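**Q** Let's have the full structure, built from the sequences with the hints guiding it.
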Amino acid sequence: MTSQELFENIKKKESFLCVGLDTDVNKIPHFLLETTDPIFAFNKEIIDATQEYTVAYKPNLAFYESMGVAGWNSLEKTVNYIRYNYPDIFIIADAKRGDIGNTSNMYAKAFFDAMDFDSVTVAPYMGEDSVKPFMTYVDKWVILLALTSNKGAADFQYMTENDEKLFEKVIKTSKEWGTEENLMYVVGATKAEKLKEIRSIIPNHFLLVPGVGAQGGSLQEVAENGLNDKCGLLVNSSRGIIYKSAEKDFAEQAGIAAKEVQQEMSALLKAKGLL
Numbered sequence: 197m198t199s200q201e202l203f204e205n206i207k208k209k210e211s212f213l214c215v216g217l218d219t220d221v222n223k224i225p226h227f228l229l230e231t232t233d234p235i236f237a238f239n240k241e242i243i244d245a246t247q248e249y250t251v252a253y254k255p256n257l258a259f260y261e262s263m264g265v266a267g268w269n270s271l272e273k274t275v276n277y278i279r280y281n282y283p284d285i286f287i288i289a290d291a292k293r294g295d296i297g298n299t300s301n302m303y304a305k306a307f308f309d310a311m312d313f314d315s316v317t318v319a320p321y322m323g324e325d326s327v328k329p330f331m332t333y334v335d336k337w338v339i340l341l342a343l344t345s346n347k348g349a350a351d352f353q354y355m356t357e358n359d360e361k362l363f364e365k366v367i368k369t370s371k372e373w374g375t376e377e378n379l380m381y382v383v384g385a386t387k388a389e390k391l392k393e394i395r396s397i398i399p400n401h402f403l404l405v406p407g408v409g410a411q412g413g414s415l416q417e418v419a420e421n422g423l424n425d426k427c428g429l430l431v432n433s434s435r436g437i438i439y440k441s442a443e444k445d446f447a448e449q450a451g452i453a454a455k456e457v458q459q460e461m462s463a464l465l466k467a468k469g470l471l
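Read in order, the letters of the sequence shown are residues 197 to 471 in my numbering.
The hints are simulated quantities; they were obtained by calculation from the structure and are not laboratory data.
These numbers were taken from a predicted model, which means no experiment stands behind them.
Backbone N, C-alpha and C define an ideal beta-carbon position, used for all residues, glycine too.
Some hints here could point you the wrong way.
[Unchecked claim] DSS-like, lysine-lysine: derived pairs with alpha carbons at most 30 Å apart:
| id | residue 1 | residue 2 |
| --- | --- | --- |
| 1 | K292 | K466 |
| 2 | K365 | K466 |
| 3 | K468 | K455 |
| 4 | K392 | K292 |
| 5 | K440 | K209 |
| 6 | K390 | K336 |
| 7 | K365 | K390 |
| 8 | K209 | K365 |
| 9 | K207 | K361 |
| 10 | K209 | K361 |
| 11 | K240 | K223 |
| 12 | K305 | K392 |
| 13 | K273 | K209 |
| 14 | K466 | K209 |
| 15 | K336 | K392 |
| 16 | K273 | K361 |
| 17 | K273 | K444 |
| 18 | K305 | K368 |
| 19 | K444 | K390 |
| 20 | K305 | K336 |
| 21 | K336 | K444 |
| 22 | K444 | K223 |
| 23 | K466 | K207 |
| 24 | K305 | K273 |
| 25 | K390 | K466 |
| 26 | K455 | K444 |
| 27 | K208 | K361 |
| 28 | K392 | K365 |
| 29 | K444 | K468 |
| 30 | K292 | K361 |
| 31 | K440 | K240 |
| 32 | K455 | K292 |
| 33 | K336 | K361 |
| 34 | K292 | K336 |
| 35 | K392 | K455 |
[What the hints assert, rightly or not] Computed Cβ-Cβ distance ranges for the label pairs, DEER-style:
| id | residue 1 | residue 2 | range |
| --- | --- | --- | --- |
| 36 | N301 | A467 | 27 to 35 Å |
| 37 | N301 | E261 | 13 to 21 Å |
| 38 | N301 | K466 | 23 to 31 Å |
**A** See below:
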């Protein structure tokens, strides 16, 4: 999927919402535990209820890997279900991989060949040769960790040398590894005030922004500081949508929550003149 195709879907749906499929078997409705594949049963219902309002889904791999082979099977079925039924939706493997070149080659093969994701999140700490193997795939994307929302971000990401913070150096250096057509960046919503600084470095790249909703990030602030002339944002909400209810109406309530976010996004896009 190209950036223009992604933007066209954003315009069509009037939404830059990404729904995080952080599916925890301990949080899904109990009656689903009676099905042969509770994780997939939950995901399928959530996807059907929210697909009208979202342009991307982001399974967090930890929730699937923690269940061993059964979790991987659920993940594969989830990706295949989206791909077959809603082929216009962008699928992100939130895997945070990144290792020496030959290992990254195998990670890229796993997510892009075997699993058919559109993109994968990658940690930049090991440098260019750990990231470049993911960029050899046509129409696939690397989403590089730049500035995260967790408390531990202060341990390294704000370290300063020659008036340059480490996260700024990561962005300035890594933007030369790829293009606006295969490289996005993760910037946490609770760091929305930093989006202007980041936009001054990468005005045209897409940004994946987690942390809106349950984590307390402001969609208004993210849009104000992060939107560009092609939107340039995918804003993720996970718990704030998928766990709205643990009863029979769980999917319906997730759809209502997604629609509320989409309506707010529509207003923000119109205010920016993008619709």
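**Q** State for each hint whether it applies.
**A** Status of the hints after comparison with the structure:
| no. | hint | result |
| --- | --- | --- |
| 1 | K292 to K466 | 33 Å, violated |
| 2 | K365 to K466 | 33 Å, violated |
| 3 | K468 to K455 | 20 Å, holds |
| 4 | K392 to K292 | 24 Å, holds |
| 5 | K440 to K209 | 22 Å, holds |
| 6 | K390 to K336 | 27 Å, holds |
| 7 | K365 to K390 | 14 Å, holds |
| 8 | K209 to K365 | 35 Å, violated |
| 9 | K207 to K361 | 35 Å, violated |
| 10 | K209 to K361 | 37 Å, violated |
| 11 | K240 to K223 | 16 Å, holds |
| 12 | K305 to K392 | 35 Å, violated |
| 13 | K273 to K209 | 25 Å, holds |
| 14 | K466 to K209 | 12 Å, holds |
| 15 | K336 to K392 | 26 Å, holds |
| 16 | K273 to K361 | 41 Å, violated |
| 17 | K273 to K444 | 22 Å, holds |
| 18 | K305 to K368 | 27 Å, holds |
| 19 | K444 to K390 | 40 Å, violated |
| 20 | K305 to K336 | 11 Å, holds |
| 21 | K336 to K444 | 37 Å, violated |
| 22 | K444 to K223 | 13 Å, holds |
| 23 | K466 to K207 | 10 Å, holds |
| 24 | K305 to K273 | 18 Å, holds |
| 25 | K390 to K466 | 23 Å, holds |
| 26 | K455 to K444 | 19 Å, holds |
| 27 | K208 to K361 | 38 Å, violated |
| 28 | K392 to K365 | 16 Å, holds |
| 29 | K444 to K468 | 38 Å, violated |
| 30 | K292 to K361 | 21 Å, holds |
| 31 | K440 to K240 | 16 Å, holds |
| 32 | K455 to K292 | 29 Å, holds |
| 33 | K336 to K361 | 29 Å, holds |
| 34 | K292 to K336 | 16 Å, holds |
| 35 | K392 to K455 | 27 Å, holds |
| 36 | N301 to A467: 27 to 35 Å | 44 Å, violated |
| 37 | N301 to E261: 13 to 21 Å | 20 Å, holds |
| 38 | N301 to K466: 23 to 31 Å | 43 Å, violated |
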